[in-house]
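**Q** If you want the building blocks of each chain, they are given just below.
There are 2 protein chains.
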Amino acid sequence: MEPIRSFAQLANRLKGFPPKTIAVAQAEDPHTIGAVARAAKEGFARFILTGNKQKIHELLSQHNAQLSDFSVHEINDEKEAVNWCVREVDEGGADILMKGLVNTDNFLRAVLNKEKGLMIPGTVMSYVAALEMPSYHKLLFITDTAVIPFPDLSQKIAMLNYAVEMCHRFGIELPKVALISATEKAGLNPPSAADYAIICKMVDRGQIKGCVVDGPLDIFLATDPESLTIKKVDSPLKGEADVLLFPSLESCNAFYKGLVRFAGAELAGLIQGTRKPVIVMSRSESEQSKFNCIALACLMAAQNNS
Amino acid sequence: MEPIRSFAQLANRLKGFPPKTIAVAQAEDPHTIGAVARAAKEGFARFILTGNKQKIHELLSQHNAQLSDFSVHEINDEKEAVNWCVREVDEGGADILMKGLVNTDNFLRAVLNKEKGLMIPGTVMSYVAALEMPSYHKLLFITDTAVIPFPDLSQKIAMLNYAVEMCHRFGIELPKVALISATEKAGLNPPSAADYAIICKMVDRGQIKGCVVDGPLDIFLATDPESLTIKKVDSPLKGEADVLLFPSLESCNAFYKGLVRFAGAELAGLIQGTRKPVIVMSRSESEQSKFNCIALACLMAAQNNS
Numbered sequence: 001m002e003p004i005r006s007f008a009q010l011a012n013r014l015k016g017f018p019p020k021t022i023a024v025a026q027a028e029d030p031h032t033i034g035a036v037a038r039a040a041k042e043g044f045a046r047f048i049l050t051g052n053k054q055k056i057h058e059l060l061s062q063h064n065a066q067l068s069d070f071s072v073h074e075i076n077d078e079k080e081a082v083n084w085c086v087r088e089v090d091e092g093g094a095d096i097l098m099k100g101l102v103n104t105d106n107f108l109r110a111v112l113n114k115e116k117g118l119m120i121p122g123t124v125m126s127y128v129a130a131l132e133m134p135s136y137h138k139l140l141f142i143t144d145t146a147v148i149p150f151p152d153l154s155q156k157i158a159m160l161n162y163a164v165e166m167c168h169r170f171g172i173e174l175p176k177v178a179l180i181s182a183t184e185k186a187g188l189n190p191p192s193a194a195d196y197a198i199i200c201k202m203v204d205r206g207q208i209k210g211c212v213v214d215g216p217l218d219i220f221l222a223t224d225p226e227s228l229t230i231k232k233v234d235s236p237l238k239g240e241a242d243v244l245l246f247p248s249l250e251s252c253n254a255f256y257k258g259l260v261r262f263a264g265a266e267l268a269g270l271i272q273g274t275r276k277p278v279i280v281m282s283r284s285e286s287e288q289s290k291f292n293c294i295a296l297a298c299l300m301a302a303q304n305n306s
Numbered sequence: 001m002e003p004i005r006s007f008a009q010l011a012n013r014l015k016g017f018p019p020k021t022i023a024v025a026q027a028e029d030p031h032t033i034g035a036v037a038r039a040a041k042e043g044f045a046r047f048i049l050t051g052n053k054q055k056i057h058e059l060l061s062q063h064n065a066q067l068s069d070f071s072v073h074e075i076n077d078e079k080e081a082v083n084w085c086v087r088e089v090d091e092g093g094a095d096i097l098m099k100g101l102v103n104t105d106n107f108l109r110a111v112l113n114k115e116k117g118l119m120i121p122g123t124v125m126s127y128v129a130a131l132e133m134p135s136y137h138k139l140l141f142i143t144d145t146a147v148i149p150f151p152d153l154s155q156k157i158a159m160l161n162y163a164v165e166m167c168h169r170f171g172i173e174l175p176k177v178a179l180i181s182a183t184e185k186a187g188l189n190p191p192s193a194a195d196y197a198i199i200c201k202m203v204d205r206g207q208i209k210g211c212v213v214d215g216p217l218d219i220f221l222a223t224d225p226e227s228l229t230i231k232k233v234d235s236p237l238k239g240e241a242d243v244l245l246f247p248s249l250e251s252c253n254a255f256y257k258g259l260v261r262f263a264g265a266e267l268a269g270l271i272q273g274t275r276k277p278v279i280v281m282s283r284s285e286s287e288q289s290k291f292n293c294i295a296l297a298c299l300m301a302a303q304n305n306s
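These protein sequence lines map, in sequence, to chains G and C.
Residue numbering for the first sequence is 1 to 306, as defined by our numbering.
Residue numbering for the second sequence is 1 to 306, as defined by our numbering.
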């Protein structure tokens, strides 16, 4: 399979799969409905929308949506809407869970619930996002933008494996993973540099598979082949990283928000560690970002059919 | 004074000041000589260059430099060249110190030397840089890109004061300082959020002056007025930050390198805490970046004359 290198290619690829069903908790938000309506038109998703039925219908008709693509359920209580959608996904009535206007903490509480939630027992919850920018020739997968503040070694390994798995779904057979730091110097400091050396050795030993890994590397050495020449650094990634793994949430978060704000980057991301894809986006995300997220979730849900 | 909003305006402003003298340790590097030759041509700096005299003269003539703007000293030993330049600056023979091909650790060791170095006793060493990007309407000052891995409260306050002082030199009377985090939520976590609340209260009490401060804020809320409306957050910075203070070196470093790599950003920065401006740039920095740095150092050195 030819690798998917952009969100446009992603949406296109999905046309070959049967549509997925997505349950949305409190859908009555213009950006959410805009994204949902577009995904339904493209034909790769159908939706179960919960919330205020009247508002949802109004927004759907503003977007000229085909109402038969949507099943709308009146559930006005926020928690009730989330729990209803989680159950729907858990029981197989939907393939994907999506957050609408719901408060993120309440939403995640329901996803994380040990008995009724959607987490795979014993797994690390994390977040992987794909960035598309005019100034990079392919998608750049980054982790963790949103969940683990300061990942320890085992959490870093989980993050890496999640990102690699996502790359495989995008048709990137041997993704190049850069372990990001401020410099390329190996050693005990900062603490992430020691974890990075261990991860590289685990890759050498075959304990981590399916990817090429190098780090510590800074952003230049990870993404710019020329900088390797200038700094005379030899890296198996050749400045062509597919994945950037960050040492902290705050570094990953500032990195991607900087690129969205100043480099025209677009983003799509998913919670990791769940049995089914779960879409959690900030209410401030654009319609385009929400659409990209839906497409990403459909690709991840399509695995077993493909 | 009208604020300086770009590096072009900065170079222009310097024409009103008498030229500064810059001592360069091991200058025989093409990017360094390129930048140095341009600054001399613009008329705001003169140079004392140390290193291999023959190589330096060759590079200068390649750049059609006026040799009378340069005093060249044959000093081939790296440490000797650094120590010689530090002494020259210390004794007033030069106004500014600049690193050429010298190893950064060796260079900083000489600057930090308690007896013969250039640090102001008892001050925090840090680094402030100015970023210029086509997608922001003014310069964005960031700290700390390079020196303090995980600043504590007192280091954060020092970083803030350095950045504010630099903004004042740029004619920004009341710079807007954003204390950067992944979200705007106040509280004990991450640890930087607690420091940020304390800093804001210190500003309220007049313990920190000359700036408007808010945090924690994410990159969007700090630099994009629209995102304040969308997220219904009220901030005295109004999404128009002049300064971004980061919780860790690795977050600041990834942020700026991302913007240089993907958003066409240019950078100029200076070590802070020294008695005279000290220019330390990576060997891989472009000629343009080195030129911007020289201009920045000349502005900072010009304070007492202006």
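Source of the hints: derived by calculation from the structure; they are not laboratory data.
Don't take each hint at face value.
Which copy is meant is left open, so a pair is good if it fits within one copy or across any two.
[As the list claims (entries may be wrong)] Quick list of in silico lysine to any residue cross-link-like pairs, SDA-like style, CA-CA up to 25 angstroms: (1) 53 <-> 286; (2) 231 <-> 280; (3) 185 <-> 149; (4) 232 <-> 19; (5) 41 <-> 13; (6) 176 <-> 90.
**Q** Let me make sure I understand: some of the numbered hints might not hold for this structure. Which ones are they, in numerical order?
**A** 4 and 6
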